[in-house]
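A.B. asks: So you can see what is in the structure, the chains are spelled out below.
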Amino acid sequence: AQSVTQLDSQVPVFEEAPVELRCNYSSSVSVYLFWYVQYPNQGLQLLLKYLSGSTLVKGINGFEAEFNKSQTSFHLRKPSVHISDTAEYFCAVSKIQGAQKLVFGQGTRLTINP
Amino acid sequence: EPEVTQTPSHQVTQMGQEVILRCVPISNHLYFYWYRQILGQKVEFLVSFYNNEISEKSEIFDDQFSVERPDGSNFTLKIRSTKLEDSAMYFCASRSGTGAGETQYFGPGTRLLVL
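Chains as they are written, first to last, in the working numbering: chain C, 9 to 122; chain H, 782 to 896.
FYI, nobody ran anything at the bench for these hints, they're computed from the structure. Since we're looking at a predicted model, the values are computed, not measured. Do not take every clue at face value.
Simulated DEER-style distance windows between Cβ atoms [said to hold, decoys possible]:
(1) C:P48 with H:D843: 25 to 33 Å
(2) C:A25 with H:V793: 36 to 44 Å
(3) C:F22 with H:G882: 28 to 36 Å
Here are a few chain H residues that face chain C, going by a calculated C-beta distance under 10 Å [stated by the list, open to error]:
(4) E784
(5) Q818
(6) Q822
(7) V824
(8) E825
(9) F830
(10) Y831
(11) S836
(12) E837
(13) R876
(14) A881
(15) E883
(16) P889
(17) G890
Glycine residues also receive a C-beta, built at the ideal position from the N, C-alpha and C atoms.
Using the sequences and the hints given, assemble the complete structure.
C.D. replies: This is the structure:
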């Protein structure tokens with residue numbers, strides 16, 4: 009079975025500061041890794057994903073994440089955040105085979121302060 | 782841009798009543814999913830559906846739950862006899878099914894409140 013741990017439930021950051029949202033996973037098989045964002049009163053939107061190849065992946069809205077196999081981590085980063093980045097961020101994994109259901113972490117609420 | 786839609790956005794029901802949550806996945810997608818998020822908890826997988834049958838389901842998806850694709854466009858989740866603990870946000874998702882690691886596209890959710 010797969011599991012995902014997001015180490016921070018809430019992260020407050022000042023506008024234009026850098027941010028890192030941490031994600032660790034556990035799996036006995038190879039997985040794909042995803043970051044989704046949920047803005048208030050909206051559904052989940054894909055930010056970026058890692059399937060294979062380069063361990064640094066870039067996504068929408070200036071976000072990027074680095075896959076670290078030895079540490080089983082997939083941390084999300086942005087060098088300079090904006091007020092509009094205020095949202096809930098979810099890390100998720102899926103098995104490579106089969107229905108590819110997503111297994112989510114608990115979510116991290118990112119709050120950007122002016 | 783195509784999107785997944787869900788109706789209703791909110792549903793209030795009495796314990797023991799049946800509810801049907803509706804989803805219209807993206808046209809030409811082949812894999813469909815239901816997830817739920819109880820307030821303050823993780824988003825949890827319920828069921829996946831492919832080729833007109835369930836391809837995988839979680840422990841949560843017991844006999845009280847069923848899914849159906851009645852007309853080639855809608856994808857429904859039925860809860861036969863709702864319990865208080867079924868109160869949650871229910872998300873529908875779909876993906877095209879043409880390759881591995883595809884993006885699952887989520888709908889805005891239906892907030893279900895069981896009284």
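A.B. asks: Going back to the hint list, which numbers does this structure go against?
C.D. replies: Those not satisfied: there are none.
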